[in-house]
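Take a look at the letters that make up each chain.
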Amino acid sequence: MARKRYTHAINEALIEEMSRDPKVIVYGEDVELAIMGDTKGLLDKFGRERIRNTPICEATLTGMAVGAAAAGCRVVVHMMFSNFIYTGFDAIANQMAKLHLMTGGQAVMPITIIAAYGGGGSNAAQHSDSGYPVLVNLGGVNVAMPATPADAKGLLKTAIRGNNPTFFMEAIGRGGEQGEVPDGDFTIPFGKAATVREGKDVTIIAIGSMLKPALEAAKKLEASGIQAEVVDPRTLVPLDEEALVAAARKTGRVVVVDEARDRCSAASHIAAVLADKAFGHLKAPVKRVTVPNVCMPYAPNAERRMIPDADRIARTATEIARA
Amino acid sequence: MATPEPSSEQLLALYERMLLIRRMEERLRADAAAGNLPGAVHLYIGQEAIATGVCARLRTSDMITSTHRGHGHFLAKGGEPKAMMAEIWGKRTGICKGMGGSMHVADFSKGILGANGIVGGGFAIATGAALASKLTHDERIAVAFFGDGAANQGVFMESLNVSSLWKLPLVLVCEHNQFSEFTPSADITSGEIVDRARAFKIPTSVVDGNDVVAVWQAAGEAVERARRGEGPSFIEAKTYRIQGHLEAEDLFLQGGKYREKAEIEEWRKRDPVERTRQRLLSGGAREETLKAIDTRIGATVEQAVEFAQASEPADPELALDLMFVGQKA
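Top line first, the protein sequences correspond to chains V and Z. Position 149 of the first sequence, counted from 1, bears residue number 149 in my numbering, the numbering being contiguous throughout. Position 130 of the second sequence, counted from 1, bears residue number 130 in my numbering, the numbering being contiguous throughout.
In short, the hints are calculated from the structure, not lab data. Worth double-checking, as some hints may not be accurate.
Only pairs whose alpha carbons sit at most 27 Å apart, straight line, appear in this in silico DSSO-like list of lysine-lysine [stated by the list, open to error]: (1) K167(Z) with K45(V); (2) K23(V) with K110(Z); (3) K200(V) with K219(V); (4) K192(V) with K277(V); (5) K328(Z) with K277(V).
With the sequences and hints as input, model every part of the structure.
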């Protein structure tokens, strides 16, 4: 166990997987200089055959991943910001997510797409989306949402070794944050939620970047006598419905926190699952704490107003805990 | 040095493959008209020389991407007629288990990465396949078949740039069949498509796409260039789409018209299959030999249809298993 930064944990996973399997290649815009931090040192270690800067042409980068995977590579594409998933979306939605089915199972696509999501850095709306709800809806692609350095490392290794296209969503504000990361080779299976904090009064389901404010909210709630359980789904596809339903049944009161826009968010899907499968155990409506249905504004104060924080989560949890 | 002509055996093999495509497409045309097929079919009649001439230069391990008009590429690259026919009929014995259909016939074991319903969808896939081949030094090459319509997609430019920059073993084959769906190409295309490839310093050739020998010769050079590690080549094969964009297009057109019958008749005179037949005959081939080929192909087509008809429908539950490898939908 050692304390490592989120970005460092991702970097370690990339180095370990590229060392383990010569078929793993990494490409994307500015990956050689490691503008996002996570591909640092790969060029020196593995050379331009294995890691390479590409032109800015996301529509082709995503399609190339399909072809390179079909021809035998394990492909890691770095898309920088999740907004750029939209510019590369044709090959994602029409090829990557569909070809395994459309070819009757012939096309196997070990592809990992890394993209950073979320606001908080005054990057404005075209660099601040949490673009994963649309990916969750696609089918055919896995969606990993690591919240901690340990999960980042373990989930990325699972993604790279897997045989399905996977979106590995980097919590953009987490890059500099530290956490304990187990030593040696370890992976985290997809579809296994983590109970990060035990509590009996209210369940907070926190997705990706929202785990940190959810834990802060739990502390605030404790001060006012409310014991909050905090659960992190870790992957949205596959989704650990069983664990989420069990957590909902335990307290009967659930807040789902998601940095995506509210409408058809991951939170709204989880709320629907709980309404369906835990209805008899619920003592209050399932609440969602999400970004309003707006594009992220630029000004720091306007951004803060939109992104769920500990106060908003605690306030919502208190409302239903006392309902 | 001029590229050699195909031997008489090679020309006969080219003819046989073209005729197989033609007869399969004719049968599909009849079955589409009779309402026997569940989905739309886009036929390759008139363009057979291109897939055939190019694929004759490829190894089984080489990879191709194809278009929504992809039956010809599938058969030219060695795909099984039975498995293709069953797929188009929506049967579980189909090459894609009835999950893809006419626009998506694929056989990865033969390097057929699939026909594709997205116009221009193959560019990046072929480029990526070529990248993987280059990185793994496995000597495979990739070929992207596409139409003049796809050449107006932005990914065409992107793939030209990347493949030329990285010297990828790729051959880009533009089948200029004069139409983007229901719109004449000239109405929506600026300049010459071949000039777009030239801008990226990619070696180009423009050939008569209804002349299988011309295609075969151009493809031979392009494939060898790719195999030698000298990067991509571009071939523009001028041809003409004899059938409509899709069968039963009159239903969509509702009396509308986008071309003249006389134009179609003009191009019928340059039928690539008939031209090859004449070439064989004037080269000394016997009429009986060619007849025997036609009879053999007729039986192959008939068997393919019988196989498709006799097969069980697709398994709907399979869709839930095929969204992921080893994971439920």
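Right, here's what the structure says about each hint:
no. : hint                 : verdict
1   : K167(Z) with K45(V)  : holds, 23 Å
2   : K23(V) with K110(Z)  : holds, 21 Å
3   : K200(V) with K219(V) : holds, 14 Å
4   : K192(V) with K277(V) : holds, 18 Å
5   : K328(Z) with K277(V) : holds, 19 Å
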